[in-house]
Amino acid sequence: MAKTKKLVQMEAADVKDELLAKYPPKVARKRAKQIMINEATESEAPPEILANVRTIPGIITMRGCTYAGCKGVIMGPTRDIVNITHGPIGCGFYSWLTRRNQTEPGPDGDNYMPYCFSTDMQDQDIIFGGEKKLEAAIQEAYDLLHPKGICVFATCPVGLIGDDIHAVCRKMKEKFGDCNVFAFSCEGYKGVSQSAGHHIANNQVFSHLVGEDKEQPEGEYKINLLGEYNIGGDGFEIDRILKKCGITNLATFSGNSSYDQFARAQHADLSCVMCHRSINYVADMLETKYGIPWIKVNFIGAKSTAKSLRKIGEYFGDPKLIDRIEEVIAEEMPAVEEAIADVLPRTEGKTAMMFVGGSRAHHYQDLFEEMGMKTLSAGYEFAHRDDYEGRHVIPNLTVDADSRNIEEIEVEADPELYEPRKTPDEIKKLEEAGYEFKHYEGLNAQMDKGTIVIDDLNQYEAEKLVELLKPDVFCAGIKEKYSIQKCGVPMKQLHSYDSGGPYAGFKGAVNFYNEIDRLVNSKVWSYMKAPWQENPELTATFVWE
Amino acid sequence: MVLLRHTPEEVAERKALMINPAKTCQPIGAMYAALGIHGCLPHSHGSQGCCAYHRSTLTRHYKEPISAATSSFTEGASVFGGQANLVQAINNIFTVYEPEVIAVHTTCLSETIGDDLKQIFDKATKSGKVPEGKTLIGAPTPSYVGSHVTGFSNMVKAMAQLAEHGKKKSGKVNVIPGWVEPCDMAEIKRMAVLVGVDITLFPDTSGVLDGPLTGEYTMFPKGGVTIDELKKAGSAIGTLALGEWCSADAARWLDSKCKVPCSILDMPFGLAATDRFIDVLRTVAGVPVPESVAFERGQLVDMISDMHQYLYGKRVAIWGDPDQLISMCEFLVSLDMQPVYVVTGTPGKKFEKRIKEICDGKGFDVKVKAKGDMFLMHQWIKNDPVDLLIGNTYGKYIARDEDIPLLRWGFPILDRQGHQYFPTVGYKGGLRLLEKMLGLLLDRKDRDDPERTFELVL
Numbered sequence: 001m002a003k004t005k006k007l008v009q010m011e012a013a014d015v016k017d018e019l020l021a022k023y024p025p026k027v028a029r030k031r032a033k034q035i036m037i038n039e040a041t042e043s044e045a046p047p048e049i050l051a052n053v054r055t056i057p058g059i060i061t062m063r064g065c066t067y068a069g070c071k072g073v074i075m076g077p078t079r080d081i082v083n084i085t086h087g088p089i090g091c092g093f094y095s096w097l098t099r100r101n102q103t104e105p106g107p108d109g110d111n112y113m114p115y116c117f118s119t120d121m122q123d124q125d126i127i128f129g130g131e132k133k134l135e136a137a138i139q140e141a142y143d144l145l146h147p148k149g150i151c152v153f154a155t156c157p158v159g160l161i162g163d164d165i166h167a168v169c170r171k172m173k174e175k176f177g178d179c180n181v182f183a184f185s186c187e188g189y190k191g192v193s194q195s196a197g198h199h200i201a202n203n204q205v206f207s208h209l210v211g212e213d214k215e216q217p218e219g220e221y222k223i224n225l226l227g228e229y230n231i232g233g234d235g236f237e238i239d240r241i242l243k244k245c246g247i248t249n250l251a252t253f254s255g256n257s258s259y260d261q262f263a264r265a266q267h268a269d270l271s272c273v274m275c276h277r278s279i280n281y282v283a284d285m286l287e288t289k290y291g292i293p294w295i296k297v298n299f300i301g302a303k304s305t306a307k308s309l310r311k312i313g314e315y316f317g318d319p320k321l322i323d324r325i326e327e328v329i330a331e332e333m334p335a336v337e338e339a340i341a342d343v344l345p346r347t348e349g350k351t352a353m354m355f356v357g358g359s360r361a362h363h364y365q366d367l368f369e370e371m372g373m374k375t376l377s378a379g380y381e382f383a384h385r386d387d388y389e390g391r392h393v394i395p396n397l398t399v400d401a402d403s404r405n406i407e408e409i410e411v412e413a414d415p416e417l418y419e420p421r422k423t424p425d426e427i428k429k430l431e432e433a434g435y436e437f438k439h440y441e442g443l444n445a446q447m448d449k450g451t452i453v454i455d456d457l458n459q460y461e462a463e464k465l466v467e468l469l470k471p472d473v474f475c476a477g478i479k480e481k482y483s484i485q486k487c488g489v490p491m492k493q494l495h496s497y498d499s500g501g502p503y504a505g506f507k508g509a510v511n512f513y514n515e516i517d518r519l520v521n522s523k524v525w526s527y528m529k530a531p532w533q534e535n536p537e538l539t540a541t542f543v544w545e
Numbered sequence: 001m002v003l004l005r006h007t008p009e010e011v012a013e014r015k016a017l018m019i020n021p022a023k024t025c026q027p028i029g030a031m032y033a034a035l036g037i038h039g040c041l042p043h044s045h046g047s048q049g050c051c052a053y054h055r056s057t058l059t060r061h062y063k064e065p066i067s068a069a070t071s072s073f074t075e076g077a078s079v080f081g082g083q084a085n086l087v088q089a090i091n092n093i094f095t096v097y098e099p100e101v102i103a104v105h106t107t108c109l110s111e112t113i114g115d116d117l118k119q120i121f122d123k124a125t126k127s128g129k130v131p132e133g134k135t136l137i138g139a140p141t142p143s144y145v146g147s148h149v150t151g152f153s154n155m156v157k158a159m160a161q162l163a164e165h166g167k168k169k170s171g172k173v174n175v176i177p178g179w180v181e182p183c184d185m186a187e188i189k190r191m192a193v194l195v196g197v198d199i200t201l202f203p204d205t206s207g208v209l210d211g212p213l214t215g216e217y218t219m220f221p222k223g224g225v226t227i228d229e230l231k232k233a234g235s236a237i238g239t240l241a242l243g244e245w246c247s248a249d250a251a252r253w254l255d256s257k258c259k260v261p262c263s264i265l266d267m268p269f270g271l272a273a274t275d276r277f278i279d280v281l282r283t284v285a286g287v288p289v290p291e292s293v294a295f296e297r298g299q300l301v302d303m304i305s306d307m308h309q310y311l312y313g314k315r316v317a318i319w320g321d322p323d324q325l326i327s328m329c330e331f332l333v334s335l336d337m338q339p340v341y342v343v344t345g346t347p348g349k350k351f352e353k354r355i356k357e358i359c360d361g362k363g364f365d366v367k368v369k370a371k372g373d374m375f376l377m378h379q380w381i382k383n384d385p386v387d388l389l390i391g392n393t394y395g396k397y398i399a400r401d402e403d404i405p406l407l408r409w410g411f412p413i414l415d416r417q418g419h420q421y422f423p424t425v426g427y428k429g430g431l432r433l434l435e436k437m438l439g440l441l442l443d444r445k446d447r448d449d450p451e452r453t454f455e456l457v458l
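Protein chains in written order, with UniProt numbering: chain A, 1 to 545; chain B, 1 to 458.
It cannot be assumed that every hint is accurate.
[Said to hold, decoys possible] The calculated DSSO-like cross-link candidates involving lysine-lysine, where the alpha carbons are at most 30 Å apart (straight line), are: (1) B:K63 x A:K464; (2) B:K232 x A:K132; (3) B:K134 x A:K22; (4) B:K189 x A:K529; (5) A:K175 x B:K15; (6) B:K134 x B:K232; (7) B:K134 x A:K26; (8) A:K464 x A:K529; (9) A:K148 x B:K118; (10) A:K350 x A:K449; (11) B:K382 x A:K148.
Think of the hints as simulated: they come from the structure by calculation, not from any bench.
So that you can see chain B by itself, here it is in the shape it has in the complex:
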């Protein structure tokens, strides 16, 4: 049985046809980011299918209720503009669901007809549709620009724009984690507590998208960054933006408008990126790093040294989002593994350059493509196979066809659990990534070794 039987080995250049994308569209990222605000109902300004698709995909990935409303455009709104729909929606949402915040993102439909969110918000406010103390935020997220990562970034920037320029510094540090799992956000907060730095994390989906089953449904769980905290983000002593693609825009805005200095770092996946995160965090806050952090770090280094023989020289194909891929490739290289094929659907020349820098001089050639797709990556694999795949669930077709183990990591993961609960950021996350990779590689060895070399002790 071959699932992707029509994928030929021969690579022919395609200029117009995208096959098996390694990205999706902006609004889903905006919706996910908005869920990281406390008491927020995301709202999709466009036709209702977008909202349905985004909710479905986020639900399948997080296995949690994803509430979001839509302007439900029909043909009339598409011709005459969506103002009436959005004003009516704002009124209905505040009346029926009573959120603290509505975070509106646009779609390719409302962007193409040119709806101006700011003007519609003014109209809604002036006509009394926004109750006292409630907040509207908005982000432009045209689907024909960038990717889901861009949408995430745009909504995070809209969150940052709530910040008020405070003359008196709060002593807190803003941390913008980028598109990571709720458990990763919790882990970043735990690391900050360990180091002893008081942070404002935004967005923060922990406590929102990893809720317990109790017999009671609440549309707005306890987690998430509050509007008040976002307002005070302008008084922070600094901002750490984790990931150029997901987080830098918001951080730079805070820097220029509120004079909160920012550092743009990589997402803290793996040893070196986590080291830099901790190091910058303690520098910004002016605190010493406690022994407990060095202890966790040492455990990761220990596991790398213990199992290096099984990682050394292993060829990896990896696809996903730029910020995640950069740190992960750096981690793989640091393990003496070889990320030979690296593909993201998200555009960005800088990405290709960065990956090449990370892999340069390490004894292997890397094929890297931004605006690439998984069809191309599969063709590369067919021509010269790899030992391990790292990426989202859609890779399982390649994994099965080519008989290569797949480490599910990234977005979306539709067919496995665990990504919501077990972080992959930080030193602890590094341990988990290593454990999963080793499990896959050693299971493969145990399956494939002939009888005479099949051994109990590995």
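Same shape as in the complex, but just chain A:
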């Protein structure tokens, strides 16, 4: 298999050819469309990339399933909802505390995150149906914990045997009266990746929970933070900064989130979207139904954090807030600059590759740029074309059979709660001044020309890329970690961060600089060969005197 020798001056096209060379023709044809060289063609636009298509059977993928996206990613970080996995034990077990979502329940707060709830379906449940068992399990959870909400997640066999989990939940919700019970048809086989699961989760939270709390919360500048999952405490750092600026974060979807946060999200005046992939449609729905405009933000990277804060300030347009934001940036940046000055001599000119989730492969490039590091190749595990090419391609996206399986909910302006936060004139004025609402330009725009963008990277291609372009650091997930490191290249997990974090915001940026400095400069990578392996030829005999 691969030997890690660095080929300098390798053209991107050659790299692409190398990646495809070993595949059977059918596989090579498909992968060729998912591997894109990021440079302008004759039409002055980089070529299209094939994304959000089925994984090729037998090819060792980085992807997970719909259930993982729904229960693991979106609902996993909610602390006071009892999440019951309806299925055999495995799915619940594997999504139990493995994503490093942190939460702060407070002294008396409810926190069910350390618990794994499952109906542990047995063969008789598969044969005779699992609805009765599910009903009993919901009852037992209610009797034991009296939570505000119980959510039920379908695993593969549940969809096949046709358990009506939604009906069971409706019945139990009615029965309890004081506990919101709803379900997610997030069977693993739906869609082509975790992305389908995000969609199913978000739709149900939007339909069953958002808007429940009618009371107007306090706060001068109220926002929602969408697509932030508080991995390694990222959300804590962002909340710290927002609070310092005087901005009230009503609801984070869904890091460090609670039932009540979701229930009051409709009171916000602005939605700020972090992970575009996992949640952009919720931002749209919040706007359509309640009149809350949305902007894309990025709190990964110190400069991006400052930029995002200024963008929020500009939206509210209150000089008091704008001044405060500038004060906060001025207070926070010296520590960041000091950290950069420290690591830069050791990181500048080094290279990185990133193959992560839906937005992290993009966001983290800002941090690497701040350290003077270049991203040689990047891509997403479960993105759609708009995450690469920008939102303007959304109208041109083809809807295939797999996407059609995922429910799209129709949203209208709420007759009572719709309230445009800005007049069309105000919006227009902001836009004329260069302000961008619901705008995302995608990953490709930030990548250098001639870099390679790869959708749904697999283990074989990862190993080849490392062999051909030997980066100084490779970023992906736990499954990729040790095969990359065996090649002698440090691997940083960006899904759950290995250890460490937060990496968001100002303090997080400093953490990340130090972490990458540690990784790319660790002595361990120089220990690969023993002295006798470095110089295997015996040229003389040692003679004892």
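Starting from the known structure of chain A, arrange chain B on it as the hints suggest.
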């Protein structure tokens, strides 16, 4: 701070809701077992999430690359069957990764729709997707039956089924170690060498999942049992199956189909179970046990006698896999410790009976449950505490809440290192288990003793 603050002391019967399981699903066991075949790529026949979850968990436990492929079912395959996906996968795998063997296990999805692996293998073979000399094996591993232990056992049985009935005996002994760590497998091989018995160990993940860092990645490291060795397992003079749950099925199959007589033993954790393993090994092979083995045994007995005062009467809560728990409970009892709460998620009435037999008449009451969960065990502990917890990483929440030391042992261990490298089987393994237990108990004593009884010499 209380992490599991919602766990009440009062135990209410639950019939439908599993909370904090002490087991997981079949395919992960099948995947781990398959990695113990040389040149094998495990393949998960179902939707891709299962494979991702199993690889992630095994990776986190072993801190090694875990390669496995998946049929990547979408809705279409779930309705029309997974044959096309698996045939295509077999072709892609042999072309791209070039393994010697593909070991396919099913998932609850492919089991529920009724995919027949044997028929799909025939189809793949007939349509030329299996290169000359390459092997396909398969095991049914529906997640709604048994546990990860069952999946391990099913894949080991599929390995045994490669054995060919040989008229001429090879003089070798098959040893089926069960779900133990790569270092435990290496230790079992070392013990066999000490005794002087030529064994075929399967599965054998040593050399596969404890690889060095060299700057070169190989998907198929040197270790693992070869297909050739598995074929010859049918000519062995006997089989030792270590663990009823993990290993007995394969051994009994070899016995009935290839006339290789089998002994079903406990996993060799602790003194007595190791004694029985060595004793049966020398009997089957007809060799004397060398002094070096008795020497190692004597060291373990010596350490037990030296430190007995700190072990005597200590109450232990333990959870994990049946085969491991049986031997470990026997070991604890032999140290005059008291395994008062014993829980496995894996079903099996025989388990409860066996644990009760081991603890019977030893002066304490044991609460034992198969198909139990860690929520229940925690409730028991709240009602009547213990001195030591023994189990996987998920126990750290109970350990912290109740302020009880935790000996990490079993699967999965996600937050510590060492389990991959330092065996806990055999006499040497017994020494390590004792050392770890004593370390925890004495650290606790040093932390808790008041000033006037805090002493240098223990």
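Practice problem: Would you list, in rising numerical order, the hints stated earlier that this structure does not obey? | Solution: 2 and 9
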